[in-house]
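Residue numbers (the numbering used here), protein chains in the order written: chain Y, 1 to 338; chain S, 339 to 676; chain A, 677 to 1014; chain G, 1015 to 1352.
Hints may be right or wrong, so weigh each one.
[Said to hold, decoys possible] With a straight-line cut-off of 30 Å between C-alpha atoms, the simulated DSS-like cross-links for lysine-lysine are: (1) Lys872/A / Lys1084/G; (2) Lys344/S / Lys196/Y; (3) Lys1075/G / Lys61/Y; (4) Lys6/Y / Lys1075/G; (5) Lys325/Y / Lys1001/A; (6) Lys1084/G / Lys6/Y.
[Claimed, not checked] Beta-carbon label-pair distances, calculated as ranges: (7) Arg149/Y / Gln644/S: 51 to 61 Å; (8) Asn1293/G / Ile514/S: 35 to 45 Å; (9) Glu1170/G / Asp755/A: 53 to 63 Å; (10) Leu24/Y / Ser1033/G: 27 to 37 Å; (11) Glu670/S / Gly1107/G: 21 to 31 Å; (12) Arg149/Y / Phe752/A: 47 to 57 Å; (13) His144/Y / Ala1025/G: 43 to 53 Å; (14) Asp1160/G / Thr718/A: 27 to 37 Å; (15) Ser1033/G / Phe316/Y: 54 to 64 Å.
Don't read these hints as lab results, they were simulated from the structure. Beta carbons are placed, not taken as given, at the ideal position from N, Cα and C, and that holds for glycine.
Given next are the chains, with one letter for each unit.
4 protein chains.
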Amino acid sequence: MLILMKSNASAEQLEAVASRVRELGLTPHPLQSSSRSVVGVTGERNGLDPAVFSALAGVSKVVRLSVPFKLAAREFHEDDTVVDVNGVTIGAGQKLCVMAGPCSFESEEQVLTIARTVKQAGATVMRGGLFKPRTSPFSFQGLHEDGVRIMQRAREETGLRFVTEALDERSLELVIEHADMIQIGARNMQNFTLLKKAGQSKKPVLLKRGMSATLEEWLTAADYVLSEGNPQVVLCERGIRTFATHTRNTLDLSVVPAVKELSHLPIIVDPSHGTGYRNYVPPMALAAVAAGADGIMVEVHNDPAQAKSDGAQSLFIEQFQQMMKQIPAVAEAVGRTL
Amino acid sequence: MLILMKSNASAEQLEAVASRVRELGLTPHPLQSSSRSVVGVTGERNGLDPAVFSALAGVSKVVRLSVPFKLAAREFHEDDTVVDVNGVTIGAGQKLCVMAGPCSFESEEQVLTIARTVKQAGATVMRGGLFKPRTSPFSFQGLHEDGVRIMQRAREETGLRFVTEALDERSLELVIEHADMIQIGARNMQNFTLLKKAGQSKKPVLLKRGMSATLEEWLTAADYVLSEGNPQVVLCERGIRTFATHTRNTLDLSVVPAVKELSHLPIIVDPSHGTGYRNYVPPMALAAVAAGADGIMVEVHNDPAQAKSDGAQSLFIEQFQQMMKQIPAVAEAVGRTL
Amino acid sequence: MLILMKSNASAEQLEAVASRVRELGLTPHPLQSSSRSVVGVTGERNGLDPAVFSALAGVSKVVRLSVPFKLAAREFHEDDTVVDVNGVTIGAGQKLCVMAGPCSFESEEQVLTIARTVKQAGATVMRGGLFKPRTSPFSFQGLHEDGVRIMQRAREETGLRFVTEALDERSLELVIEHADMIQIGARNMQNFTLLKKAGQSKKPVLLKRGMSATLEEWLTAADYVLSEGNPQVVLCERGIRTFATHTRNTLDLSVVPAVKELSHLPIIVDPSHGTGYRNYVPPMALAAVAAGADGIMVEVHNDPAQAKSDGAQSLFIEQFQQMMKQIPAVAEAVGRTL
Amino acid sequence: MLILMKSNASAEQLEAVASRVRELGLTPHPLQSSSRSVVGVTGERNGLDPAVFSALAGVSKVVRLSVPFKLAAREFHEDDTVVDVNGVTIGAGQKLCVMAGPCSFESEEQVLTIARTVKQAGATVMRGGLFKPRTSPFSFQGLHEDGVRIMQRAREETGLRFVTEALDERSLELVIEHADMIQIGARNMQNFTLLKKAGQSKKPVLLKRGMSATLEEWLTAADYVLSEGNPQVVLCERGIRTFATHTRNTLDLSVVPAVKELSHLPIIVDPSHGTGYRNYVPPMALAAVAAGADGIMVEVHNDPAQAKSDGAQSLFIEQFQQMMKQIPAVAEAVGRTL
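Isolated chain Y, as found in the complex (with noise of 0.2 Å):
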């Protein structure tokens, strides 16, 4: 940690920082620029809150020197994580995962048709929510448990693996029970409580970007449920909010090289919410798979006008299977595979 003082701080205040270091068990090391001192120091664990310093009196700011996220840390944890979906590998150097599904499963019918199209396109994982976090009470909220019987009948015909959202500790119980893979939502990024009920169980979590998440914040998130045992985590990038209103939410890519570098955790991305337009889906979807992506989420219906969420962000089944046959050059191009 660096504490870097005022230029108008005075010695006594300088001495009162490197008091405050030595109270905590570390060593300050004072250096004096030109223009102000600062002080660093060595010594420290993890976990130590930069506000320590940022509170006394004459300290400017302080910058860590270490990433504020352990066990998420490339740093400390050099080979590349591969998480294991019954059988379905995400990771670097394994084949892409496509996961695909509707916003919600609304019906066996619905559910059914879409589980046969997308397994057939090339999809290994099949997306769909059981529990809605809609933003207005007097919205659809889901199909609850009787979506959990519905998911069982397609996993038994096609072999599909399920991802599907846990919202709070009675859902959590129902996904790790019947579904393959857990989605924690980026509204539930920083729900502590959540993450490490997750963290306890032995499935593993696709943890998505929060809407105004640091992709500090995201990291350091995934080590509420890596820190409770459970190493298998893949993020999920699903678009930030900007200013930018020609899309949904803005599709933040360029944290696929940046997760590669500071991170172990595989990264899929998820352009069906990142733009929030159907016919900005493929190439976003390709534009992910050229970044580096080790998979993509994406919404597909049978009949988006009469989907009973997100209809217009999902693909017709045509537009997926044009897209499934898109893919596999890009992939080659990067040295993936489908």
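Given the coordinates of chain Y, work out where chains S, A and G should sit on it, guided by the hints.
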């Protein structure tokens, strides 16, 4: 709702839209402008999702004519709501409410010292975390049950009311049982399960704005509490995430007159989280009062240099006392009293 | 245009709006929904400002039915524009265009070394600043006229075309006289005087997106060039300003399919400014190609450690060569060639 | 400057950094923490670009110890600057300055009516555009030279000072010749040529904050004016671009105390552009005064419904008069007078 067609939409697409409108039991009103067609929809009920139409072929965008929130809307409830926190009232026409206290409860001595001080300076509600939502799992997480006992002791001695954050169902139960007001933090603004449970209690709720929440989303989150039968919601602006770096968040004071226009709920402002630097807290607290807020919430610490969290944004006790001397004149200038 | 009235708007206010519409020679079409009134407006012409109506009493908001840009709109010009930079064509159906070079021209040796290298690796246009818009007046400001002579020399030797930024009227004259393409930088995207002057020339214009420009504002800025009679505009995405800190800007690749839908103008992507870190440039360049961009612009330096500006985002020559070997396969996967 | 090395940086890379530091005539001070090396740099002069080091192999990031701006920094000029607009003084310790007027000058009658009114209500400076930077080339662009004559007339009659925006070199000449203060608009905050020309004049400059400018960038832009020898710069906050939609921009009032801490320049606030809705202007104007601003700038129109631009954010004359009655009490509460 207005459905705007694309400029190249066909007559068939227009008819399909009108037909979908009728299918939902509503009435379509087509209007032809020079550049494109528009279909007005009448007869709609709460919770109709615009996506139902935006998913249709030929549709450019869907514009809601009504706000997405209902119970929080002034449109549906003209009179200002006054919230009662065990005798301390918050809202239009009431005295300004000052909530003050440390970020977290750290020890009995700390809590009692601060409680006596803020009480004397004019605060009526004390804030302080028992359960801390920390970004990293390796940081201080709060005193939990031990804090409850300290809070009781401080309440008995000072007569202050207490507001503290509930993070999950277990902590919510404790907060409902022992505190005077439930705080829902920014990270949980869209934790719909938690909102509903808070709505099922009889305790007033302080609903902080999410870091990237629009005003519509915030008021719609309030609807989750209100729709469970709990009418006592106070909104709290605490800064939004932007590109700006001179403050930790960007305090959006303009949301105060906007809330007053669109909603009947009281709104207070937290300039401590809103700026992140103690020296900016007093001017922004005065500005909040001038903008028409019904109260403020600030962090105060008897020894910020030793605070376990948020020290840099905690006011020194003398700063708080000084600020409390300036507030009455600003309040009076806008027709309020402290 | 649609004028949405407030829910409590009076009949007089509605009539005043209709009357103002008629006053402007247009036709009002009132529509009554359950919650509020709407007035459709037909007969409008270019450039009618929505604010004309939003200022009226009782008006809630005004929704445009047409896009605010005209000449840049695909709606008014269906066929893709192909821009000709002295024989190098840019646009749909053309070869991908690779523009490469240093941030600034620093010396003849530097420019010639880089020119020979990028030419050999497949670039057809060289970039490089003669006049630098530096944030601080105390930073290196460019070689100015000396750079022009160096550019001439490099062009003669390599046959590359040159694009360089014009900052003001004086530098624009030099750029028009000596370069093959005028670059308008992000900071000048709404420097309307400069846009008009560029529009009065015959040289193609590379119009970078402003750091906080919406797509509508960007295309409307293009209208300033186009409306002066210069049809040769290429758009360039270079990252927008968001809260994210893992990159210098957030590269918004989803704007590529959005531009292709709304406009006929070509679009290229600059991942060097878009990310700020050289290691993220190759994956994002490949992603840009996969997303459908008509070309890319990257910074390359023979000795980034000695670069006078933007060294951290400049590719090493070997990185550029390596990237140029990967591009053809991605291009081919989306039906393009290099 | 502090140069943070990557955790896996080699000893050779560290030495190369130290060596580059020495090459630039500066002194390197290596410091080894547990997780990585840091090199402190002393002896630096103005304008050293951090990128000089961030481009080197093994470097993680570079932290400046001094602010990038110089002449605008309180660090280098402790006393508050007071700007003199033909006898109207603006700055710490001075009376609050109220600038008011229409968005654009539209006719002699309009200007004179508004001038008389705002003068009588207590404004000392009149605002109003002669040259309008309109997003679309098809919108009203201002009265230009005709407006100059009207301005002269209004000044003679009322004794008000006039501030008006210069868009380019030609309009700057007219503004310097005829107005009392040069306004540089948000879109031109980094139009460095224009800033320098304004710096070469003797007229005070009102420098609006760019829509996506950090405080550092804004003060560094002020340096462009100051470094040409013109010390008379007043900053003007006018809202930044964020995701929020309840206002046109997000007025960042926290920048007021931040400017007061980091700079000696006066700062005023424009809540008209900052919010975009006239009803939010009075509360935000009062909030700006409470936050410590040295003045406000608001749009007022005798007939907003007929305004050629910005009607929705222009105060009705009665609203302005009403607001001017509330300001003195708020001003007095924070130790100022009107």
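Results for each hint:
About 34 Å separates the Cα atoms of Lys872/A and Lys1084/G, which puts this hinted pair outside 30 Å; it is violated. Pair hint Lys344/S plus Lys196/Y does not hold up; C-alpha atoms about 47 Å apart against a cutoff of 30 Å. Between the alpha carbons of Lys1075/G and Lys61/Y the distance comes to roughly 16 Å, so the proposed pair stays at or under 30 Å and holds. For the proposed pair Lys6/Y and Lys1075/G, the alpha carbon gap of about 21 Å is at most 30 Å, so the pair holds.
Distance hint between Lys325/Y and Lys1001/A is fulfilled; the C-alpha atoms sit about 23 Å from each other, no more than 30 Å. For the hint pairing Lys1084/G with Lys6/Y, the CA-to-CA distance comes to about 15 Å; that is within 30 Å, so the pair holds. Under the hint 51 to 61 Å, the C-beta atoms of Arg149/Y and Gln644/S, about 56 Å apart, fit the expected range. Hint check: Asn1293/G to Ile514/S, Cβ distance near 38 Å, so the stated range 35 to 45 Å holds.
Evaluation of the 53 to 63 Å hint for Glu1170/G and Asp755/A yields a pass: the beta carbon distance comes to about 57 Å. Between Leu24/Y and Ser1033/G the CB atoms are about 35 Å apart, so this pair conforms to the stated range of 27 to 37 Å. One distance hint, 21 to 31 Å for the beta-carbon pair Glu670/S and Gly1107/G, holds here, with the actual separation near 24 Å. A hinted range of 47 to 57 Å for the beta carbons of Arg149/Y and Phe752/A is consistent with their spacing of about 53 Å.
The hinted range of 43 to 53 Å is not satisfied by His144/Y and Ala1025/G, whose Cβ atoms lie roughly 60 Å apart. Under the hint 27 to 37 Å, the C-beta atoms of Asp1160/G and Thr718/A, about 33 Å apart, fit the expected range. Evaluation of the 54 to 64 Å hint for Ser1033/G and Phe316/Y yields a pass: the beta carbon distance comes to about 60 Å.
Checked against the numbered hints listed earlier, the structure breaks hints 1, 2, 13; every other hint is satisfied.
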